[in-house]
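Engineer: Each chain, written out:
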Amino acid sequence: MMTLATIAQKVDGQLEGDPDFTVDALSSIHMACSRCLTFYTGQIRPDKPTTEAGAVILKPEHAELFPMNRIIVADPYLAYAQASQLFVQESEQSPGVSPHALVSELASIGDDVGIGPFSVIGDQAVIRHGVKIGSGVHVGDKVFINSGTVIEDRVVITGSAVIGSECVISAGAVIGSSGFGYARNGRHWQRIEQLGRVEIGDHVDVGANTTIDRGSLDNTVIENGVKLDNQIQIAHNVRIGENTVIAGCVGIAGSTRIGANCRIGGRAAILGHLEIADDVDILANTLVSKNIVEPGEYASMIPAQSARIWRKNLAVLRKLGQSG
Amino acid sequence: MMTLATIAQKVDGQLEGDPDFTVDALSSIHMACSRCLTFYTGQIRPDKPTTEAGAVILKPEHAELFPMNRIIVADPYLAYAQASQLFVQESEQSPGVSPHALVSELASIGDDVGIGPFSVIGDQAVIRHGVKIGSGVHVGDKVFINSGTVIEDRVVITGSAVIGSECVISAGAVIGSSGFGYARNGRHWQRIEQLGRVEIGDHVDVGANTTIDRGSLDNTVIENGVKLDNQIQIAHNVRIGENTVIAGCVGIAGSTRIGANCRIGGRAAILGHLEIADDVDILANTLVSKNIVEPGEYASMIPAQSARIWRKNLAVLRKLGQSG
Amino acid sequence: MMTLATIAQKVDGQLEGDPDFTVDALSSIHMACSRCLTFYTGQIRPDKPTTEAGAVILKPEHAELFPMNRIIVADPYLAYAQASQLFVQESEQSPGVSPHALVSELASIGDDVGIGPFSVIGDQAVIRHGVKIGSGVHVGDKVFINSGTVIEDRVVITGSAVIGSECVISAGAVIGSSGFGYARNGRHWQRIEQLGRVEIGDHVDVGANTTIDRGSLDNTVIENGVKLDNQIQIAHNVRIGENTVIAGCVGIAGSTRIGANCRIGGRAAILGHLEIADDVDILANTLVSKNIVEPGEYASMIPAQSARIWRKNLAVLRKLGQSG
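As given, the protein sequences belong to chains A, B and C, one line each in that order. For the first sequence, position 52 matches number 52 in my numbering, and the numbering has no gaps at all. If you want my numbering, it's the 1-based position in the second sequence plus 324. If you want my numbering, it's the 1-based position in the third sequence plus 648.
The set of hints was computed from the structure by calculation and includes no laboratory data. Here a beta-carbon is modelled for each residue, glycine too, at the ideal position from N, C-alpha and C. It cannot be assumed that every hint is accurate.
Stated by the list, open to error - Result set (DSS-like, lysine-lysine): computed pairs, CA atoms no more than 25 Å apart in a straight line:
| hint | chain 1 | residue 1 | chain 2 | residue 2 |
| --- | --- | --- | --- | --- |
| 1 | A | 59 | A | 10 |
| 2 | A | 312 | C | 967 |
| 3 | C | 967 | B | 643 |
| 4 | A | 312 | B | 383 |
| 5 | A | 319 | C | 967 |
| 6 | A | 290 | C | 960 |
| 7 | A | 312 | C | 938 |
| 8 | C | 960 | A | 312 |
| 9 | C | 960 | B | 643 |
| 10 | B | 334 | A | 10 |
| 11 | C | 707 | C | 658 |
| 12 | B | 643 | A | 319 |
| 13 | B | 643 | A | 290 |
| 14 | B | 334 | A | 290 |
| 15 | A | 312 | B | 334 |
| 16 | B | 614 | C | 967 |
| 17 | A | 319 | B | 636 |
| 18 | C | 938 | A | 319 |
| 19 | B | 334 | B | 383 |
| 20 | C | 658 | B | 636 |
| 21 | C | 960 | A | 319 |
| 22 | C | 938 | B | 636 |
| 23 | C | 960 | B | 614 |
| 24 | C | 960 | B | 636 |
What the hints assert, rightly or not - Calculated from the model, a selection of chain C residues having no Cβ within reach of chain A, i.e. all distances over 10 Å:
| hint | residue |
| --- | --- |
| 25 | 663 |
| 26 | 668 |
| 27 | 698 |
| 28 | 723 |
| 29 | 729 |
| 30 | 758 |
| 31 | 761 |
| 32 | 849 |
| 33 | 895 |
| 34 | 915 |
| 35 | 922 |
| 36 | 942 |
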């Protein structure tokens with residue numbers, strides 16, 4: 001519960017209505033209650049949106065549509081993001097190091113660090129101040145985790161990885177596992193020991209069950225502000241530039257370098273040893289097999305059709321090369 | 325070991341042969357031994373199927389093909405499924421709460437609950453009677469798990485998720501992790517705190533290393549009877565209707581609603597903010613990018629060809645839009 | 649730190665230069681320091697490669713290009729792989745069984761076994777000599793792990809799985825989870841209990857967060873020398889032949905048999921109940937929906953284009969079946 005005045009201040013908006021109106025919850029426009037705050041970006045189809053909400057965040061030009069308490073801002077979606085921080089329930093993580101955690105005497109643990117039960121912190125690991133580590137986490141020897149980062153439950157960080165400050169690493173992620181490298185030796189495959197590490201910048205988010213392999217010789221590098229969704233696979237020696245955002249289930253093969261401020265859609269696949277420029281958008285389910293040197297939007301995905309029609313298309317597609 | 329009579333009763337079939345025949349194992353038709361029970365659905369190519377099995381489950385019209393002990397049923401595959409339950413080895417889970425588990429004093433634990441070593445049960449979590457929880461599981465604060473559900477090893481359930489009764493959550497699954505939501509703030513991405521939760525109905529199965537994110541404002545909802553295979557990614561605010569079955573490696577983006585009784589093939593991808601009707605079949609490796617309003621079969625997958633032929637097809641495909 | 653003479657002996661190469669030259673690190677050609685050893689395979693574009701390295705592994709025909717300490721070999725990439733083993737830092741795993749592990753009294757533990765904290769070893773599990781098990785690992789009842797195998801942190805091995813010798817199972821992998829099998833029972837899905845197990849041969853590597861389901865009746869089999877990257881999904885009853893190597897994010901559906909010495913590119917999908925011959929190469933992002941009986945290269949992947957051009961191609965593609 002908090003007042004509309006508090007929220008307006010947080011989002012730097014102009015309050016129209018009752019500053020003492022108390023908000024119970026932040027809600028979507030269709031599910032809102034009379035004590036709810038919602039937001040309106042103008043993108044919803046019905047011309048006259050209706051809502052039960054007691055208050056709404058919106059742009060000046062939409063104010064007339066909502067005859068209730070209002071917070072006027074330039075970017076309602078950003079304001080919603082900012083307001084959402086006020087509604088987070090206090091963390092599950094109790095302060096301090098659980099007596100059921102196993103912390104090496106050779107590790108360095110900063111102030112105000114939380115470490116959950118059944119977590120292991122290895123020799124010479126460095127955990128800076130304010131880091132919160134969940135339960136069942138493995139932080140290997142010589143791993144470095146900078147201040148304010150949150151490591152959720154069951155995460156594995158190994159291979160002397162370096163994690164920046166103010167990151168969130170979600171449950172089940174594996175950072176610093178061995179890259180996939182082999183040399184042929186007759187019919188057998190000779191493993192190549194992976195001697196590099198993973199370096200993650202500040203303000204990076206890593207999704208649940210995402211995997212990031214350590215480098216073979218050089219390092220795998222995730223720059224500041226990168227956001228990675230769930231079940232992404234990042235192979236050894238990859239580099240991802242600042243503020244690039246990658247949706248779920250994307251796979252990036254070894255030694256590829258991706259620029260800054262890219263947006264990569266879900267389930268995209270990017271082959272190895274490529275260079276992708278800055279400001280590139282790759283649509284969902286697209287395969288990238290060559291360098292991309294120009295900013296812009298790239299695609300190769302095929303939307304579903306009725307299977308009956310698709311099979312006819314496919315019959316022609318599979319013989320296209322014969323024509324002419 | 326059990327008698328054929330016991331099995332015939334379990335599958336509600338008509339026994340022809342020795343009711344006291346003892347069965348050592350349930351087997352596939354080609355690997356069966358003389359003390360094995362197998363089943364025949366009629367789908368195997370060779371006209372005269374041979375088997376070493378001492379007993380077989382089959383349809384009336386195939387009885388003549390198998391001159392051994394028989395159990396006659398209308399649906400041999402369903403009968404096999406039912407019979408399989410008799411052959412499960414007793415669970416690894418010893419009864420009771422392991423002294424090596426950490427259960428909050430503020431949690432509510434029902435009768436006949438098993439909790440494995442190194443598992444953590446948070447404050448105000450509710451675990452109803454008969455729930456079996458493996459080792460190394462994290463059940464967060466305020467999570468609710470209804471009766472008879474099995475939570476396998478290393479599962480993480482967080483974000484106040486609600487799990488129904490008689491579910492099986494396989495190892496490594498992560499339920500209730502943060503959805504992937506950001507608002508642009510100049511070059512940076514402002515995290516949107518995810519305030520909803522995951523609600524899972526009864527008789528739902530979730531595969532190994534599958535991830536289900538909690539909702540941003542509303543909830544992510546998996547209805548009764550849904551079956552999810554391994555390594556599926558379900559984003560925030562998704563809703564999946566009753567008895568829909570989804571094969572491995574499928575990704576479903578945020579806020580999409582999938583109907584009841586759908587079948588979604590492996591590696592399919594479904595974009596965000598879509599509506600998929602009931603009784604829709606989506607073939608493997610298909611991308612869905614628009615609403616599907618009619619029941620039926622949908623596809624966009626391209627089967628492999630010889631790479632030499634495929635490259636010729638591709639050369640034409642990449643210029644199709646120029647023709648005409 | 650070691651001498652060039654030691655390395656030359658390890659890779660069975662001919663040393664040209666100072667045998668007492670001490671090497672600090674193995675490095676890529678562009679990042680090398682004066683105390684670094686690098687390797688040159690001839691595949692780098694610039695005709696006159698430059699490096700700061702103090703020593704290089706290369707073929708006889710490239711010796712003239714590098715006027716420093718040299719190790720001459722027939723296959724520099726293989727020699728690099730062999731040399732990499734000399735530069736691995738000693739394992740994090742302290743020897744012996746952690747007092748914080750929980751090992752069943754009914755398990756059999758060989759000599760020189762390491763078991764990390766918060767790991768669980770079940771009844772009748774057999775862990776042979778020299779096996780190293782990380783932290784938070786679950787080894788279920790009756791699981792067998794042969795000598796010299798490494799099980800990294802947070803792995804789950806269950807369902808009476810058999811793991812060969814000298815394997816590496818990376819963090820977060822789940823081996824032996826229940827296969828995905830159901831029989832229709834009206835609108836509901838009747839679970840088929842999965843009674844088989846997973847059998848993994850010797851010298852098999854399994855990547856981080858990869859999942860391998862146990863068989864329904866027969867077993868899921870991974871033969872000797874198979875290498876599996878991260879986030880691969882292998883369904884029940886699959887068989888993978890010797891020395892086949894599979895890149896990240898591949899999915900293989902139930903009961904498919906893959907031959908020996910195949911190479912399967914990242915994100916490929918292989919449908920169920922198929923037979924793939926030996927020596928088959930499947931390119932990245934390709935879908936296999938039919939048997940492959942001839943060795944060779946197979947593909948169905950579509951590389952990204954500018955989205956503007958792709959949409960034009962797509963408009964024609966979606967109506968191909970109408971033409972003619």
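Engineer: Now tell me, hint by hint, if it's right for this structure.
Structural biologist: Outcome of the hint check:
1. A:59 - A:10: Measuring from Cα to Cα gives roughly 16 Å; hence the hint holds.
2. A:312 - C:967: holds, 9 Å
3. C:967 - B:643: holds, 15 Å
4. A:312 - B:383: Distance of about 36 Å is beyond 25 Å: violated.
5. A:319 - C:967: Between residue 319 of chain A and residue 967 of chain C the Cα gap is close to 15 Å, so the pair holds against 25 Å.
6. A:290 - C:960: It holds: about 20 Å lies between the C-alpha atoms, which stays within 25 Å.
7. A:312 - C:938: Measuring from Cα to Cα gives roughly 18 Å; hence the hint holds.
8. C:960 - A:312: With a Cα-Cα distance of about 19 Å, the restraint between residue 960 of chain C and residue 312 of chain A holds, given a limit of 25 Å.
9. C:960 - B:643: holds, 9 Å
10. B:334 - A:10: Distance of about 63 Å is beyond 25 Å: violated.
11. C:707 - C:658: holds, 16 Å
12. B:643 - A:319: holds, 15 Å
13. B:643 - A:290: OK: residue 643 of chain B and residue 290 of chain A at ~17 Å, within 25 Å.
14. B:334 - A:290: violated, 58 Å
15. A:312 - B:334: Outside the cut-off at roughly 46 Å; violated.
16. B:614 - C:967: Satisfied, since the Cα-Cα distance of roughly 17 Å is no more than 25 Å.
17. A:319 - B:636: Given that 25 Å is the threshold and the Cα spacing comes to 9 Å, the pair holds.
18. C:938 - A:319: This hinted pair holds, its Cα atoms lying about 17 Å apart.
19. B:334 - B:383: Roughly 16 Å between the alpha carbons, so the hint for residue 334 of chain B and residue 383 of chain B holds.
20. C:658 - B:636: Status violated; Cα separation ~46 Å.
21. C:960 - A:319: With Cα atoms ~20 Å apart, residue 960 of chain C and residue 319 of chain A stay inside 25 Å; holds.
22. C:938 - B:636: At roughly 20 Å apart (the allowed maximum being 25 Å), residue 636 of chain B and residue 938 of chain C satisfy the hint.
23. C:960 - B:614: holds, 18 Å
24. C:960 - B:636: holds, 19 Å
25. 663: Fine: 20 Å to the nearest Cβ keeps residue 663 of chain C off the interface.
26. 668: Holds: least Cβ distance 23 Å, greater than 10 Å.
27. 698: holds, 17 Å
28. 723: Given that some Cβ of chain A is not farther than 10 Å from that of residue 723 of chain C, nearest at about 7 Å, it is violated.
29. 729: violated, 4 Å
30. 758: holds, 23 Å
31. 761: holds, 18 Å
32. 849: It holds; residue 849 of chain C is separated from chain A by about 13 Å at its closest Cβ, greater than 10 Å.
33. 895: Contrary to the label, residue 895 of chain C does not stay out of reach of chain A, its closest Cβ about 7 Å off (not over 10 Å).
34. 915: About 5 Å separates residue 915 of chain C from the closest Cβ of chain A, which leaves it inside 10 Å; violated.
35. 922: holds, 18 Å
36. 942: Holds, since 17 Å exceeds 10 Å.
Against the hints set out earlier in the document, violations occur for numbers 4, 10, 14, 15, 20, 28, 29, 33, 34.
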